[in-house]
Amino acid sequence: DIQMTQSPSTLSASVGDRVTITCRASQSITSWLAWYQQKPGKAPKLLISKASSLESGVPSRFSGSGSGTEFTLTISSLQPDDFATYYCQQYNTYSTFGGGTKVEIK
Amino acid sequence: QVQLVESGGGLVKPGGSLRLSCAASGFTFTDYYMSWIRQAPEKGLEWLSYISSSGSTIYYADSVKGRFTISRDNAKNSLYLQMNSLRVDDTAVYYCARGTGYGSFYFDYWGQGALVTVTS
Chain C
1 DIQMTQSPST
11 LSASVGDRVT
21 ITCRASQSIT
31 SWLAWYQQKP
41 GKAPKLLISK
51 ASSLESGVPS
61 RFSGSGSGTE
71 FTLTISSLQP
81 DDFATYYCQQ
91 YNTYSTFGGG
101 TKVEIK
Chain D
107 QVQLVESGGG
117 LVKPGGSLRL
127 SCAASGFTFT
137 DYYMSWIRQA
147 PEKGLEWLSY
157 ISSSGSTIYY
167 ADSVKGRFTI
177 SRDNAKNSLY
187 LQMNSLRVDD
197 TAVYYCARGT
207 GYGSFYFDYW
217 GQGALVTVTS
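In order, the protein sequence lines correspond to chains C and D. Positions 1 to 106 (my numbering) are the ones given, in order, by the first sequence. Positions 107 to 226 (my numbering) are the ones given, in order, by the second sequence.
Hints are supplied without guarantee of correctness; some may be wrong.
What the hints assert, rightly or not - Covered by chain D, according to a simulated footprint, are these stretches of chain C (three or more residues, beta-carbon under 8 angstroms): (1) 44-50; (2) 92-104.
Claimed, not checked - Below, simulated SDA-like cross-link-like pairs (lysine to any residue); rule was C-alpha separation at most 20 angstroms, straight line: (3) C:45 / D:172; (4) C:45 / D:182; (5) C:42 / D:129; (6) C:42 / D:109; (7) D:149 / C:17.
What the hints contain is simulated information worked out from the structure, not anything from laboratory work. Even for Gly, the Cβ is constructed at its ideal location relative to N, Cα and C.
Next comes chain C alone, as it looks inside the complex:
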């Protein structure tokens, strides 16, 4: 099974900060990686697919990069609406989610 490791598990940041979340796969998943945002009590929302393809309607301050085993989600200038938990998901072989990164207010 492919394991997905996200870091950090919690991140404290301020509005306007540049934020980077890392996701590592236990084996190569080429670019079959998605990122989701989840707010408390809500279903996850898809942000990015195929490692770097931004979904329609997602603000351009979100970007994804990487391939193989190492991936990043970057928020270029953190906004109040961005405080949430973020998950990566590999879909190279079935599906596995990372453990999540909670972005909280500093």
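We have chain C; now place chain D onto it with these hints.
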């Protein structure tokens, strides 16, 4: 607009059974793989199962293989999850989600979730 609405959640004793349903609308149901994903309280997301558009191909996570059964009724635009031999650690919010991609799938639409609580 795409809508996925889960139902059938509730309270059940260990060893019991429950069947979740997911009603889909706003898209051509027969064009898409569908999936079940769960989230235990204060925990992360766990993928459980995929079913192909025709229902002929099914995959399960090891944690539920042999206990849970995914199925779909394309005439009713509905997805199901039959859960047997439930355990306390199956307590979670269960989401149905639409799978998008070619041969491998990410999830572009999710339902609001159905809470399943397994307790004696």
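Hint-by-hint comparison with the structure:
| no. | hint | result |
| --- | --- | --- |
| 1 | 44-50 | holds (count 4) |
| 2 | 92-104 | holds (count 9) |
| 3 | C:45 / D:172 | 30 angstroms, violated |
| 4 | C:45 / D:182 | 26 angstroms, violated |
| 5 | C:42 / D:129 | 18 angstroms, holds |
| 6 | C:42 / D:109 | 14 angstroms, holds |
| 7 | D:149 / C:17 | 26 angstroms, violated |
Checked against the numbered hints given earlier, this structure breaks hints 3, 4, 7; the rest are met.
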